[in-house]
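Student: The residues making up each chain are set out below.
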Amino acid sequence: RKEVEQDPGPFNVPEGATVAFNCTYSNSASQSFFWYRQDCRKEPKLLMSVYSSGNEDGRFTAQLNRASQYISLLIRDSKLSDSATYLCVVNMRGATNKLIFGTGTLLAVQP
Amino acid sequence: GAVVSQHPSRVICKSGTSVKIECRSLDFQATTMFWYRQFPKQSLMLMATSNEGSKATYEQGVEKDKFLINHASLTLSTLTVTSAHPEDSSFYICSARDYGDGELFFGEGSRLTVL
Numbered sequence: 143r144k145e146v147e148q149d150p151g152p153f154n155v156p157e158g159a160t161v162a163f164n165c166t167y168s169n170s171a172s173q174s175f176f177w178y179r180q181d182c183r184k185e186p187k188l189l190m191s192v193y194s195s196g197n198e199d200g201r202f203t204a205q206l207n208r209a210s211q212y213i214s215l216l217i218r219d220s221k222l223s224d225s226a227t228y229l230c231v232v233n234m235r236g237a238t239n240k241l242i243f244g245t246g247t248l249l250a251v252q253p
Numbered sequence: 002g003a004v005v006s007q008h009p010s011r012v013i014c015k016s017g018t019s020v021k022i023e024c025r026s027l028d029f030q031a032t033t034m035f036w037y038r039q040f041p042k043q044s045l046m047l048m049a050t051s052n053e054g055s056k057a058t059y060e061q062g063v064e065k066d067k068f069l070i071n072h073a074s075l076t077l078s079t080l081t082v083t084s085a086h087p088e089d090s091s092f093y094i095c096s097a098r099d100y101g102d103g104e105l106f107f108g109e110g111s112r113l114t115v116l
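Residue numbers (this note's numbering), protein chains in the order written: chain A, 143 to 253; chain B, 2 to 116.
These are computed hints drawn from the structure, not numbers from a lab. Every value quoted in this text rests on a predicted model; they were computed, and no experiment measured them. Hints may be right or wrong, so weigh each one.
[Claimed, not checked] Below, a sample of chain A positions facing chain B; criterion: calculated Cβ distance under 8 Å:
{"hint": "1", "residue": "Glu185"}
{"hint": "2", "residue": "Lys240"}
{"hint": "3", "residue": "Gly244"}
{"hint": "4", "residue": "Thr245"}
Here a beta-carbon is modelled for each residue, glycine too, at the ideal position from N, C-alpha and C.
Extracted from the complex, chain A is given alone in its bound form (with noise of 0.2 Å):
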């Protein structure tokens, strides 16, 4: 089983359009979480961290569910320029306290 599993997509949405983004991942001992977008051919970039009582940046809400060991993305209100990959990462605290990325869900926004 992967280390963080994401539905690769790709999603295609209208302009305006609500979109969510699922992601779970295997180590309960994962200590954060962030959501990265990355361009064609660019490096990642962070979108947001995620917390377990949920965040909001705008039009872009990130949930945390340890429980389930789950995290979520919603993009509401969707834009042409929201289209890219987005990266589910998580962190491994502890020794080795480096980011495992997931494969990541390619957004295509049509006008």
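Once you've looked at the hints, dock chain B against the given chain A.
Tutor: Using the frame of chain A, we list chain B on its own:
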């Protein structure tokens, strides 16, 4: 502006040659840097953790003699792909944090093509 700079952004080389990629933290000192590799349509795979002043820690399946990592200063880590082969063609990305659990900043990536 970019806080982690990677160079070169693109390199094409002949099979059997060695290629060096540099990763610099511009605004902070990084005792630890990470090197990733990404093949088309796949996720970033951690290759190794580069530790300033000591040996790098390699992930399982990554050959340390083929991918030489040097982290000689707090702002510079280098990855050398030795005796490159076409199957080493990939997107190599470095990253660094400016403190323990801070945001991870990525370099712009280096696209290696081995002919």
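Student: With reference to the structure, classify each hint as holding or not holding.
Tutor: Against the structure, the hints:
1. For glutamate 185 (chain A), the suggested interface contact is upheld, since its CB lies about 4 Å from the closest CB of chain B, less than 8 Å.
2. The restraint placing lysine 240 (chain A) at the interface with chain B holds, with a minimum CB-CB distance near 6 Å, inside the 8 Å limit.
3. Against a cut-off of 8 Å between C-beta atoms, the interface hint on glycine 244 (chain A) holds, since the closest Cβ of chain B lies about 6 Å away.
4. About 4 Å separates the beta-carbon of threonine 245 (chain A) from the nearest beta-carbon of chain B, less than 8 Å, and the hint is met.
Violated hints: none; the structure is consistent with every hint.
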